[in-house]
Amino acid sequence: MSEPILSTNGLTVRFGGITALDRVDIGIRPGEIVGLLGPNGAGKTTLFNAISGFIKPDSGRVVLDGQEVQTMFPYERVTLGLGRTFQHQRLFRGLTVEDNLRVAQHRHLKAGPIAAMLRLPSWRRDEAEARALVEQMLDVVNLRPWRTRFPWELSYGTLRFLELASVLSLRPSVLLLDEPATGIQQKEVEALGPMLKRIRDETGCAIFLIEHDMGLLFGVSERVYALDFGKIIAEGTADEVAADPRVLESYLGRTRREGAASA
Amino acid sequence: MKSLVAPAETAVAEAAPPPKSLSMRMPRLKRAQVLAGVAFLALGFLPLAFGSFGLYIAAYVAVWAMLELSIVVVTGYAGMISLMPFTFVGIGACTTGVAVAVWGWPFWLAVPLAALATVPVSVMVGAASVRLKGLYLAIATLTFGNALGETLFKWDDFTGGQAGHVMERPKLGALSFSGDFAFYVLSIATALLMVWAVHGLKNSRAGRAMLAVRDNEREAQALGINATKAKLTALVVGGMIAGVGGAFYLALLETVARSGFQSPYVELTSLLLVVWAVIGGIDSAFGAFLGAIALITQTVVFQGAERVFAYVGVYAAFVLIIFLLLRPGGIVQVVKIQAERIRENPSRAIPASIIGFGIQVAIIVVILVYGAE
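Taken in sequence, the protein lines are chains L and P.
Numbering-wise, the first sequence is residues 95 to 357 according to the working numbering.
Numbering-wise, the second sequence is residues 230 to 602 according to the working numbering.
So here's chain L without its partners, still in its complex pose (with noise of 0.2 Å):
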């Protein structure tokens, strides 16, 4: 078994007297493509934002391609192989759907402000380099007519693939997609995991996946964590999970105990 790409150790998040992340213990290995499953409120997102750095967890580790990242900004995290998307999409307005796929390789450009006023060799190099990758993530989530259009004007499914391709640019080692298929119609979500399973066969990056929709989770996923009350609950292959009695609690109900987490 190779090293994790990215694990947590004994991440815990409290909001006020809720612990909303208790204890968390994960790994993901490179290449590895890993489901999330847990009812609302189990804290999956907290523990998406803890790994990328949107919240401060309250004690533990989080080791990313080796590094203690857990005191890093979350720009920081990205520069060493982190990518996420959020679950509501939060593109770039004001930006063509060219310049979000741009914007989305900063890491990897390297021209200043003054290089850029004066045109400098160093920003048309930079400008090249983005132009080809811009041609490629379009081909990819197959956008090219769409590129001088502005997110405002897509429908909801085709911004959720702008946003996996923004996301790609960054050319990331492990990707973290919060709800990839909610919002998006049923012949897009059967599309959706065998294009995951593609990204990680030709790009290599682990992928760990939070989603509702457990056609998609368990087909796509070569191991699963369930999590509730902030705890994980069950680990193991797609099968051994769904079968595990207390996932099996956790969602066909029961009385909910005090201090559930809201995340």
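Which residues of chain L face chain P? A partial, calculated answer using Cβ under 10 Å:
1) Gly147
2) Phe148
3) Phe167
4) Val172
5) Leu176
6) Leu185
7) Asp193
8) Arg201
9) Lys204
10) Gly206
11) Pro207
12) Ile208
13) Trp217
14) Ala224
15) Val261
It is worth saying that the hints were derived from the structure and are not from the lab.
We treat Cβ as the ideally placed atom computed from N, Cα and C, and that holds for glycine.
Given the coordinates of chain L, work out where chain P should sit on it, guided by the hints.
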């Protein structure tokens, strides 16, 4: 990664793609650009026809375009509402005054110094912008500009006293820019160079980081952008542009009284700058130029009137509201829409250019009628 195309095809099939052939459009666009360039050059010589006054007003427009450009970077690109742009202009003007009139530096060395002198103030605003957003940052900058007016601009050595430093227009070897035409050419060339530079910034790593932070700071961070750095870069670049503008402001007027950088004038001028930047097209470098033309037109019209700021304020507010309601992208948006319509239907080019020409003539007539008195 091309093999990823297949599954996504179904995903995006529901909306019809806009049928636009890029290869068809390119040559026509180029021709339009050439025509626009020629028209622009011809327009550049127009002030000559009105002699000394025309050239002075044209130089005035060029200098104010530089001032507007600083707002394009700070507010248009990075989305920070700074209500102290004219304070930066003051720092540039006074630094140039000290360097040229007191230390005897050549103007050309004073310009970069004027740009650098703004950096400490930009960094202070940057420190505030980490914590303060939107309206709160606007109020903080307003009071900060006021505070500098009561401190920095009360320092006689810096401002040259109540009357201000007196500086002659610059010379370059045997070439003197003291004549109206020479100074006009110098200032318009500098302003256009700065428009070109600021436009280039927009299509770059640094500029896109600013636009991303303006649109969505959280998502920008998730894409590896250091939001604080992007804002600070915008403030420093914007401040330096205003500093250079300040140097030319002093060169244009030859002396600048410090009261212009003190309350209440500094707030009023800063607000007018921001308002006309919005009317011109806040996130467009070319819009800064259009905004400056409109601003100078109104200044000339209301010049010398009693309670000039009252007239100017009401007029600017009226124009601003109309634009925000109908064309929030400013004059640049109007121009773009017209260009798009002409591209769709070339026969519209004639009425559009007649109207465009008419507006230009109207501006000139207004300036001559009101200004020549």
